[in-house]
Amino acid sequence: MRILDKKTISRRSFLKSGTATALGLTIAGNLVLGKSSAWAASFDNLGGGNAATLIQMARDIYPHDHLADKYYAKVIEGYNTAAAKDAELKKMIQAEVKKINEASKKKYGSDYKDINREIERVDILKANTSSPLFGKLRGDLVTGIYNNQEVWPKFGYEGASADKGGYIKRGFNDINWLDKV
Amino acid sequence: MAKFSKDDNSLVVIIGSGAGGGTLGYELAKKGIKSVILEAGGRHEIRDFSNDEWGMFGKISWLDKRTTSGDWRVAKDFGGLPAWIVKAVGGSTIHWAGASLRFQEHEWKARTTYGNVKGASLLDWPIDAKEMAPYYAKAEYEMGTTGTNNIPRLPGNNNFKVLEAGAKKLGYKKVHTGNMSINSQPRDGRIGCQQIGFCFQGCKSGAKWSTLYVAIPKGEKTGNLEVRPNSHVIRIEHDKSGKVTGVVYKDKDGKTQIQKARIVAVAGNSIESPRLLLNSESNMFKNGLANSSGEVGKNYMRHMTASVYAIFERPVYMYRGTTMAGIVQDESIHNPKRGFVGGYELETLSLGLPFMAAFLDPGQWGREFTASMDKYDHMAGMWIVGEDMPQSTNRVTLSDQKDQYGMRAPNVHFSDHPNDIAMRQHAFGRGKAIYNAVKATKTIETPPYPSTHNLGTNRMSAKAKDGVVNKHGQSWDIKNLFISDGSQFTTGAAENPTLTIVALAIRQADYIAKQMSSKAI
Ligand SMILES: Cc1cc2nc3c(=O)[nH]c(=O)nc-3n(C[C@H](O)[C@H](O)[C@H](O)COP(=O)(O)OP(=O)(O)OC[C@H]3O[C@@H](n4cnc5c(N)ncnc54)[C@H](O)[C@@H]3O)c2cc1C
Ligand code: SF4
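Chains as they are written, first to last, in the working numbering: chain U, 3 to 183; chain E, 1250 to 1770.
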């Protein structure tokens, strides 16, 4: 079978996304983002703390441990850009993040993004699924994450094939393990 | 290429250029009958297609205002998108997968075969298998359906091989790569399938049949067919005698135009066709055109559908190759011992990663969902398509919301019949058993997608009081008004509908030609 290599981090994106992520500092879900001035600076409209919370929420909604933070951050970058012109959106995000943090403090004693365990953060999210922020974020992530061509190889999806002559000579029927199960 | 005058009242005016309308225009053209197809969407050729799920969806889907109600999950997850239908020259035959199955004999007589099913508005079709056989043969020839006319079946892809191995272990017998209107070898000036795997996005190689690049250009070549894109019909007009005289449409600039007609044939797919009749109400026809029975818009069917995806220890890459070339037919029989009437087919299906995320379990999030997505390349998938029960309460009505032209938008109301639910449960069980037979590590029950098979809203009946059209698709009330798409279906059968839509359109062309030459219309 023609098996894809899913370890597709190019040297360039490795450097760009920052060694912190690549070295696994996001393990246990404790994002370095909030503490990194580089990230905070690029979310001037939302505020770094709000952005970091949103990025953590995004990862908790669709957690893929093999995806770097930048793929989640990309959706939030979109909000940051939109917030420059859309005061409603900005207000909604700020108010909702505040609510999430209040709920987090009440139940687990810290802001959402500082709660250490994913299971506890998810617990907070579950109580908030009817909030406008959750609905919007979840909906936008469906395309924001899975329609981003950069992540496709990491899922073993090859994308467009017509330009490569289809799969007629590239493994459309090369499965070789069925007689072994 | 013909270009007809808007004042030409000798024309057959066809609304919609998909499976029904595109075929009717071509068949009439072959007979020397002049027609103009008014198509709401634009004309995109093969070179405009891309292997990009959301890209093509955004480019050619019908995204005009629609609303939903009823207890189906689509209403909750995709409230503004009850159906996945194409708005472009070629209609949904651009997106379709190519599965082309004949109805089984008993399915033409659903009321007689299934008896009185509580809550269902079942009828027998006023036609039968024998009468349809020659038209099916013509349709299969025109469409180049594999497994007919000595056309070899397609080679099976990885997704099919998983289905086949599991199905055979369970003892299923009728397992093959389907009757597909996709060239398995060069034919009719088009090449064979290149196993590109984006059948739902428009076939880049042209191997798959579509009215866009098969029927329509052939019709245009005769000089008897004009296809007018970006022409959205908003009303059908009639005279004092009640005969239809032409249609009002919006052109590409949103300007109102009138096209005169001798005959009007409506083929806008099963949501737009009844909507147009209802929106064409007048003093004479207060409940809408062709609606003296009150049946216009009722009995909306969408097939009992669902999908099963399964994850395996080792990779499958189900998306490589033809999307739907694979079928298990053993369950499409009528065997009430299973706890329901009618039957279902199991067909291979794959979605790309972007669509999978949206449709695997709409609205779902968290680890359970992402764990499945992480194994996308180890997934196999099948679609379940079975006969659903017509119900008069499942219907297309006019909503109070308006579309971009100020016309009332359609509301699509649907709730499953208990028979649909029982059949779906059974099919989920069988589908999962197939994959478990080849050691799936996880199976997923995926709910129905927005409807791709839309049927029944202007149904054919033996008696005028029971339906909208007679056995030729001619409206009971207005003899120069025809319905030429899937909305004519009396019942849905277990099979994908397009071959039957095409066969009915070929048959209707014969009838229209005879009626015209005898001056009956
Ligand atoms: C993803 C997908 C896969 C499918 N796979 C299969 C398959 O494998 N096998 C199968 O049998 N079927 C399949 N189908 C279903 C098949 O495409 C339809 O059954 C068939 O195309 C319906 O034919 P139709 O003529 O009724 O409507 P369509 O083909 O949808 O054509 C209707 C046309 O009318 C136009 N129109 C509507 N209203 C107006 C108006 N007011 N004025 C002007 N124009 C108008 C529309 O823009 C459209 O172009 C699939 C559908 C989809 C979406
Ligand atoms: S798999 Fe075959 S039919 Fe489908 S799009 Fe590709 S070439 Fe066309």
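Derived from the structure by calculation, the hints contain no laboratory data.
Each hint should be verified, as a subset may be incorrect.
Below, a list of computed lysine-lysine pairs in the DSSO-like style, where the Cα atoms sit at most 30 Å apart [claimed, not checked]: (1) 1422(E) <-> 138(U); (2) 1325(E) <-> 171(U); (3) 1252(E) <-> 1422(E); (4) 182(U) <-> 1688(E); (5) 1453(E) <-> 8(U); (6) 1688(E) <-> 72(U).
Hint consistency between residue 1453(E) and residue 8(U) [alpha-carbon to alpha-carbon, up to 30 Å]: holds (27 Å)
Residue 1688(E) paired with residue 72(U) [C-alpha distance capped at 30 Å]: Not satisfied, since the Cα-Cα distance of roughly 36 Å exceeds 30 Å.
Agreement of residue 1325(E) and residue 171(U) with the hint, judged by alpha carbon distance not exceeding 30 Å: Roughly 42 Å between the alpha carbons, so the hint for residue 1325(E) and residue 171(U) is violated.
Pair hint outcome, residue 182(U) versus residue 1688(E) [Cα-Cα no greater than 30 Å]: Holds, at about 10 Å.
Restraint check for residue 1422(E) with residue 138(U), where alpha carbons must lie at most 30 Å apart: violated (47 Å)
Holds or violated: residue 1252(E) to residue 1422(E), with C-alpha atoms at most 30 Å apart: violated (52 Å)
Violation of the numbered hints given earlier is confined to hints 1, 2, 3 and 6; the remaining hints are satisfied by the structure.
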